[in-house]
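Q: Take the given structure of chain A and dock chain B to it, following the hints.
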Amino acid sequence: MSDKIDLSIDAGRLLFGLSRIGYTTSAAICDIIDNSVRANANNINLLIKKEREDFSDNKRNNVKEYIIIDDGDGMDEGAIEEALKLGSTDDHYDDKSLSKFGLGLKSASFSQGDVLKVISSDGTGFNKYEVSLPKVMEAKEYFAEKTEIEENESELIETYLKDGKGTIIIISAIRLNNHPSVRNTIKELKTKVGVIYFYFLSESGVNITIGDKKIDAIDPLFVSEANENGNLNENEWDGTEVRWIEKPKELTLDDELKINVTIEITQLPYPPIYRIKNIGESRDKEVRERYLIEAGNYGFYVYRNKRLISWASNLQGIIPYDQDFYAFRGRILINDEADDFFNIDVKKSSLTLSEEAFRNISDFTKEAKSKSKAAWKNAGKISRDIINKAPNEIANKLLDEFEQIEILPGDDLPDEEIALERLKAITDDMTSKIKWIIKMMKEDKGEEVDDTVDDDYTEDEKEEAIKGEKNANLTKIFRVSSVEDNLLWEPYYDTDLGNCVRINKIHRFARLIYEDNAENRDLQILFDLMMLQFADSELYAYKNIGKYEYDDLKVILRESRRIVSEFLANMCRKLENDLPPNYSDEKYA
Amino acid sequence: MLETSIFGAFNGADQAYIYIWLSKKHKIVYVGMTNSYTGTIGRAGAHFNRKGTLRKRFVETRGYEVNDVDDILLLSFPLPKTREFTSVEKSYREAVEYLVQKELILLRGKLNPTFDVISWVRLSPRTGNSRIKKLAASIVNSFEANYSRF
Numbered sequence: 000m001s002d003k004i005d006l007s008i009d010a011g012r013l014l015f016g017l018s019r020i021g022y023t024t025s026a027a028i029c030d031i032i033d034n035s036v037r038a039n040a041n042n043i044n045l046l047i048k049k050e051r052e053d054f055s056d057n058k059r060n061n062v063k064e065y066i067i068i069d070d071g072d073g074m075d076e077g078a079i080e081e082a083l084k085l086g087s088t089d090d091h092y093d094d095k096s097l098s099k100f101g102l103g104l105k106s107a108s109f110s111q112g113d114v115l116k117v118i119s120s121d122g123t124g125f126n127k128y129e130v131s132l133p134k135v136m137e138a139k140e141y142f143a144e145k146t147e148i149e150e151n152e153s154e155l156i157e158t159y160l161k162d163g164k165g166t167i168i169i170i171s172a173i174r175l176n177n178h179p180s181v182r183n184t185i186k187e188l189k190t191k192v193g194v195i196y197f198y199f200l201s202e203s204g205v206n207i208t209i210g211d212k213k214i215d216a217i218d219p220l221f222v223s224e225a226n227e228n229g230n231l232n233e234n235e236w237d238g239t240e241v242r243w244i245e246k247p248k249e250l251t252l253d254d255e256l257k258i259n260v261t262i263e264i265t266q267l268p269y270p271p272i273y274r275i276k277n278i279g280e281s282r283d284k285e286v287r288e289r290y291l292i293e294a295g296n297y298g299f300y301v302y303r304n305k306r307l308i309s310w311a312s313n314l315q316g317i318i319p320y321d322q323d324f325y326a327f328r329g330r331i332l333i334n335d336e337a338d339d340f341f342n343i344d345v346k347k348s349s350l351t352l353s354e355e356a357f358r359n360i361s362d363f364t365k366e367a368k369s370k371s372k373a374a375w376k377n378a379g380k381i382s383r384d385i386i387n388k389a390p391n392e393i394a395n396k397l398l399d400e401f402e403q404i405e406i407l408p409g410d411d412l413p414d415e416e417i418a419l420e421r422l423k424a425i426t427d428d429m430t431s432k433i434k435w436i437i438k439m440m441k442e443d444k445g446e447e448v449d450d451t452v453d454d455d456y457t458e459d460e461k462e463e464a465i466k467g468e469k470n471a472n473l474t475k476i477f478r479v480s481s482v483e484d485n486l487l488w489e490p491y492y493d494t495d496l497g498n499c500v501r502i503n504k505i506h507r508f509a510r511l512i513y514e515d516n517a518e519n520r521d522l523q524i525l526f527d528l529m530m531l532q533f534a535d536s537e538l539y540a541y542k543n544i545g546k547y548e549y550d551d552l553k554v555i556l557r558e559s560r561r562i563v564s565e566f567l568a569n570m571c572r573k574l575e576n577d578l579p580p581n582y583s584d585e586k587y588a
Numbered sequence: 000m001l002e003t004s005i006f007g008a009f010n011g012a013d014q015a016y017i018y019i020w021l022s023k024k025h026k027i028v029y030v031g032m033t034n035s036y037t038g039t040i041g042r043a044g045a046h047f048n049r050k051g052t053l054r055k056r057f058v059e060t061r062g063y064e065v066n067d068v069d070d071i072l073l074l075s076f077p078l079p080k081t082r083e084f085t086s087v088e089k090s091y092r093e094a095v096e097y098l099v100q101k102e103l104i105l106l107r108g109k110l111n112p113t114f115d116v117i118s119w120v121r122l123s124p125r126t127g128n129s130r131i132k133k134l135a136a137s138i139v140n141s142f143e144a145n146y147s148r149f
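Just so you know, the protein sequences line up as chains A and B, in that order.
With numbering that gives the first Met the number 0, the residue at position 199 of the first sequence is 198, and numbering never jumps.
With numbering that gives the first Met the number 0, the residue at position 41 of the second sequence is 40, and numbering never jumps.
Please note that a few of the clues may not be correct.
With the C-beta cut set under 7 Å, the calculated list includes, among others, these residues of chain A facing chain B [claimed, not checked]:
#	residue
1	6
2	10
3	54
4	55
5	56
6	58
7	445
8	447
9	449
10	450
11	451
12	454
13	506
14	507
15	569
Below, a list of computed lysine-lysine pairs in the DSSO-like style, where the Cα atoms sit at most 30 Å apart [stated by the list, open to error]:
#	chain 1	residue 1	chain 2	residue 2
16	B	55	A	213
17	B	26	A	49
18	A	186	B	26
19	A	49	B	24
20	A	48	A	246
21	B	23	A	58
22	A	49	B	50
23	A	49	B	55
24	A	444	B	133
25	B	26	A	469
26	A	58	B	26
27	A	504	B	101
28	A	189	B	50
29	A	573	B	80
30	B	23	A	573
31	A	368	A	396
32	B	50	B	133
33	B	132	A	63
34	A	434	B	132
35	A	284	B	50
36	A	441	B	132
37	A	63	B	24
38	A	444	B	132
39	A	573	B	24
40	B	80	A	434
None of these hints come from the bench; they were simulated from the model.
Just so we're clear, the structure is a prediction, and the values are computed from it rather than from any experiment.
By construction, the Cβ of each residue, glycine as well, lies at the ideal position given by its N, Cα and C atoms.
Chain B with its partners taken away, still in its complex shape:
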């Protein structure tokens, strides 16, 4: 029997997230964002189905299927509960996502084990916004501070 404990990442009704999929054994990180009603867990399905972006990028990078990975971890970072971040219009979320990915690329060499960032994110015109920069920095700091215990 496989037991999977999931909590705290279902609520997407008034909450958007930046999320990071992490496998330390296979040294991959995948960054994404969602305003899905079902939170980051709901969004996961789209990443792992046959045409899922995470699945595809994983095979391209590693050469084998993500099915073989047994240590994958989902980290969810709630964004402010304001319209800019929860709306269908996603330039604010995309900007945070881009900056988080960029910072993780800079950070990866300093962490042990190191990892490849396999997600592709869009550049948003809002990446120069100071509030967004602060948010992205706090997410990356939190990731870095907790990395050793993941």
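One chain only, chain A, in its complex shape:
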């Protein structure tokens, strides 16, 4: 026998604590939309009122009110009071309810603002109730106030609830402490609402609008595309299509209790393949956006009573944190009978699996995971095979059998004495340059280097500095991170390597070729070869054009190289968004 001891509750602190359980703005709004959906609303409107209407939508901390209006069943006075209670009952709704704790409306609202207003009618007339967090905290007791409907609220009723029933939830006195901008909230909600209420939007005819924008249903598994494309063959899939890994299967989590869930898994596209699929048509970004392929979006989407309760869950590690699973999309459909196997938090944003559920789902998905990973890797291999046969090495290899013209028609072969003099001058210049090249290489590597240059270097350092990397396959054309004065290219000569070119791979024009057009292997090879011919021709002039002084030639040809480098950088800067691969025929048609 035990004595019952009364432990009083400070309602103010309790409500304050409830308001700080970590809702994001979009999760809070979705929790309120849940109430509208279960109240059989056909139309749900979200309005966001700004603190300063003249301020940009991009400004943070500028929201005055969130207003959620639905034309659902509505509530009479008693039902509103019940809804405002902490731990409100859900008796008058069917067993497909989205509610779980009877806390959502209050915790979600107070997570964003200090005042919650509920205006509702079940057809018998609108009533308004208001709960203020500061007032509750001051009084240390939980209470609502029945207040008059204001003029602007009557206008909302007139506009959105002409049939005389429905509910308006207003969250005001928004806490403007790191509160997201209107634009970011709307952007996030468009995706979140589309996915969370996918079934309601696509099957039940529910319309959700934010401002005047209707939200489209988004199936995170893109099942309709998988239906068209069929099953995944992980050894052949090139990453361009959505495929089935597991068509919907019913999985029993508990035989005795007859707890069943439905699981389905698809493989989404491999975006990098869309960079190279069609030359000049880089669509990888578009594909990533369309299929929501990014770090936070792969894994299992768990729907409870057809409402998403867990976004891209890794289900406690069943799906590893690994980029190779980016295209893995699973869905688990449960109803409230499975709640004990999927412990859901108040925010409906995360869940914890029971031991049985974890074991069953983990075992069931082993093959699917393996297929998804193998397919992703295979698509990566196909992609790499297409884009990168190491074009720099190919360009160098092409030169194995190539011999430059000794002397051009019309040019006089210089006397041996002059030729040797010129060759010595070139060699001396290049030799004295090596120490500067090594210094630049060290700086690029982040090493501390004195302003004085060191003549003492190893052969390995020399090779790495001249070529940009130690690579025996590179014999003439070197892509390096630094060239004197940051020009696009410079000639290099020594007796072992002969005439070579050092291309500044960080120069804007080189980046256009090597990075922006990475998938265009032929362009890269031709560019490398062209650069070598430019360098070769400069060295040819130094050696063979005897009618000009060597020092004059050096100044003039170097200036010419500088001007070309600058003009190309300027062209890239001015035409940045129009140059290939961004060029579009339509724009210039």
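A: Leaving out everything else, chain B in the frame of chain A:
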């Protein structure tokens, strides 16, 4: 009559700059770089015209126009007079600009008043270069050392 004293930031003929626009009252910092022939003063026009990036970023962050700001200050930091920094090809300048912005973001909490860094800068592949790191550090040190008197 409004008097505006301007000097020392016109020469862009053989000189590139990192510059910082600062308003202590409105707590904003905007970092940029230029090799404009007219120096940082010449570059200013592009920031404050109707489509200017500083003007746009200011409105986005503060919610009101930069026109209302009465304490904005331009700080210009000359870069070495060598081709890497003065050329049209701007990877060296961009790298310094990026590192200065990054350091100011780290520094802002330590200064009083604190500020938001409202500029957007591009990441340059040269930010690992030791010479560039040194340059950026000296600019930020100079900014920090003088902050109280701005």
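Q: Can you name, in rising order, the numbers of the hints this structure does not satisfy?
A: The structure breaks hints 1, 2, 5, 9, 10, 11, 12, 20, 25, 30, 31, 32, 33 and 39; every other hint is satisfied.
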